[in-house]
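Enquirer: Those protein sequence lines, which keep their order, are chains A and B. Using numbering that gives the first Met the number 0, the final residue of the first sequence is 330, and nothing's skipped along the way. Using numbering that gives the first Met the number 0, the final residue of the second sequence is 258, and nothing's skipped along the way.
Think of the hints as simulated: they come from the structure by calculation, not from any bench. Where hints are given, some of them may not hold.
Straight-line distance between alpha carbons at most 20 Å, and here's what the computed EDC-like set of lysine to aspartate or glutamate pairs gives [said to hold, decoys possible]: (1) LYS200(A) / ASP201(B); (2) LYS190(A) / GLU163(A); (3) LYS200(A) / ASP104(B); (4) LYS324(A) / GLU60(A); (5) LYS200(A) / GLU251(A); (6) LYS200(A) / ASP157(B); (7) LYS125(A) / GLU158(B); (8) LYS110(B) / GLU199(A); (9) LYS125(A) / ASP157(B); (10) LYS165(A) / ASP201(B); (11) LYS292(A) / GLU251(A); (12) LYS110(B) / GLU201(A); (13) LYS165(A) / GLU179(A).
The model shown is predicted, which means the values in this text are computed figures rather than measured ones.
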Amino acid sequence: MNRMILRTIGAIILFYSTEQVLARADNREALRFTISLEKNTYLVDEPIYLEVLATNISNHEIAILGMLPNASWRYFQIMLKDQNDQPVADHSGELYMYAEPNWPGWIMASGERWLLVKDLLDVFGKWGDAAHQIRPFLPPGTYQVHVIYHTNPKAFVGPNRENEDKQTLHSNELQFEVIEPAGLEKAAHEKLLTAFIAHEKERSKPHRQAVLFKEFIDKYPNSLYLPIVYSFLYMIYTQGFGDTIERQELIEEMLTRFPNSGLTYQLLSYDRHEAIQSLAKASSISKSAIMQKMKIASSTSRASFYAQCLVDMQRIDLRTAERMKQKQEKR
Amino acid sequence: MKVMGKFVKFYVGLMFGIVAAACDYQGQPEPPNGIIKETMTVEYDFISGFDAGSDNRAFPEIRDNVKKAFMETGTNFLPCRDDAHTLSYYVAGSPNSRFPNNDTDLRNYAKNNRNAVNGTYMNYHYLSVNYFAPNAGGLFAPGGAIGGPNNQTPTPVDERYTFLFWGDILTFISNPTTIRQLAVLVSAHELGHQRIGLTHWDLFPIFHNNPAQPQCAMREDFNFVPMTPIDYRLNPVLCSDADAVNTNSCRDWLKQANP
């Protein structure tokens, strides 16, 4: 009985001390915040996957705003400048964010990571000719990208938000180049544009939509455009055919073929969501267990790293939901 | 079940008050100021079971109040359902599938589910769907829309979209009053983006130009603003301005919208 009382008192002290730590934390000191690209030269229409990573390097919990691209409140913004130092307009859709006034922010434990991988064409691509009405593009040129991230939830949620410091973080800045394809890639590019146009013409006929993309894979097995070709096939299979065996086989093939592409982040976060959820519930889990459950072959691949980060993010989510529940019960 | 489905379709069609033929607006009287270039016709689609517009599942205020918000700007607003089309789940045939946080995929989904009537699309598209994948942990996105350049109508007609994540709204909000408020305001807000790329009042006051009207549907932090006696969330205002000289408000921009 006494032990139970002591445990209860301990839990109450822990709860309130955690609240105190969260209340005084300055996330600028607690977070290491970096961005990275797979490479620094891309062909026109090739996806440009930007990795944005925040790691809690402090020895305590912090409450942060997670990174959702396109979110309202503008607490997370990717900034792109062209070679004339002019900002490139953000053409992405907007998500409307909603939180209850007592939302604490995402509770991130020491060592945990929040990762976002985003194709810059989704955000900054321009609409153009018929093929580029299907997928936006960035014209050839030199670009610079960096990210601004306001990390203090109290500056955005709750009645006194105007008096709070947003705790702004600026990432490192990266430069990359977009160039016209040449040689075999030029031919591959033309085939890709034809497939984009056919995709539009054959809307609601997924079998026909898939034909040209499959032809592309057979004809240009080593092209740099393969990730975007697969990504379109994945979209066609998902929305056109549903969760068939063929779709599952396609996902396996993509993970095997592009273990280091940003493409796998989207795949893992969407199609391995149940595995991520069950992994996050375990008190501790090894890297190899994550890889096994997520069906990732190479331990040194980006896919392996993405999987670990996605489990971290799911843990953050579960912890936050739990704290919200505790707060409600306390009331 | 089939009979029920037919009844729901009929009922929703009735509630939205429109069939395709009625979208021909030639016979309507011209609004008083005469500078409106475009009747706002909206294709309304929904996933079965997530129909935000039907009385039995939600509230007629969503339709009526959103319409009122646009009418106040002088926009000739005509919500339409062009047929008995219901949407498929994001992963076709998989009820547990959620919508991904990826512009290209959302846009493609909206586009694949656009329906032409006699070769013509309604000029705006509103989709009431189930769940958005990243929603969790006390913070969620009840809606989203295609963006556009400031105060210009975005993208070709058949690529425009506004999503209402109706399943998430019902999951995250338990209070029926708040559900109504949120659904009405998010719908007006997101259709404001889609209609003419309306910006956020609190970020770009220059495009709204009405300091006397801070309770604008286009503000981005409305969910934290304390409630007022007259619940503006249920009666959203698209920054309508009483000032006839002012030509730089939401209302003015909406009136000049191009199809």
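Enquirer: Now, for every hint given, state plainly whether the structure supports it.
Expert: Hint by hint, here is what the structure shows:
Taking the CA atoms of LYS200(A) and ASP201(B), the gap is about 41 Å. The hint is violated against a cut of 20 Å. Proposed proximity of LYS190(A) and GLU163(A) is contradicted: the alpha carbons are some 53 Å apart, above 20 Å. For the proposed pair LYS200(A) and ASP104(B), the alpha carbon gap of about 17 Å is at most 20 Å, so the pair holds. Of the pairs offered as hints, the one joining LYS324(A) and GLU60(A) holds, with about 18 Å between alpha carbons and a cut-off of 20 Å not exceeded.
With a C-alpha separation of about 29 Å, the suggested pairing of LYS200(A) with GLU251(A) is violated against the 20 Å cut-off. Annotation: proposed proximity of LYS200(A) to ASP157(B) holds, straight-line Cα distance about 13 Å (limit 20 Å). Distance check on the hinted pair: LYS125(A) and GLU158(B) sit about 14 Å apart at the alpha-carbon level, within 20 Å; holds. At roughly 9 Å between alpha-carbon atoms, LYS110(B) and GLU199(A) fall within 20 Å of each other, so this suggested pair holds.
For the hint linking LYS125(A) to ASP157(B), the alpha-carbon distance of about 17 Å falls within 20 Å, and the restraint holds. Between the alpha carbons of LYS165(A) and ASP201(B) the distance comes to roughly 16 Å, so the proposed pair stays at or under 20 Å and holds. For the given pair, LYS292(A) sits about 13 Å from GLU251(A) by alpha-carbon distance, which is consistent with the 20 Å threshold. Pair hint LYS110(B) plus GLU201(A) holds up; C-alpha atoms about 12 Å apart against a cutoff of 20 Å.
Pair hint LYS165(A) plus GLU179(A) does not hold up; C-alpha atoms about 41 Å apart against a cutoff of 20 Å.
The structure fails to meet hints 1, 2, 5 and 13 from the earlier list, while all remaining hints are met.
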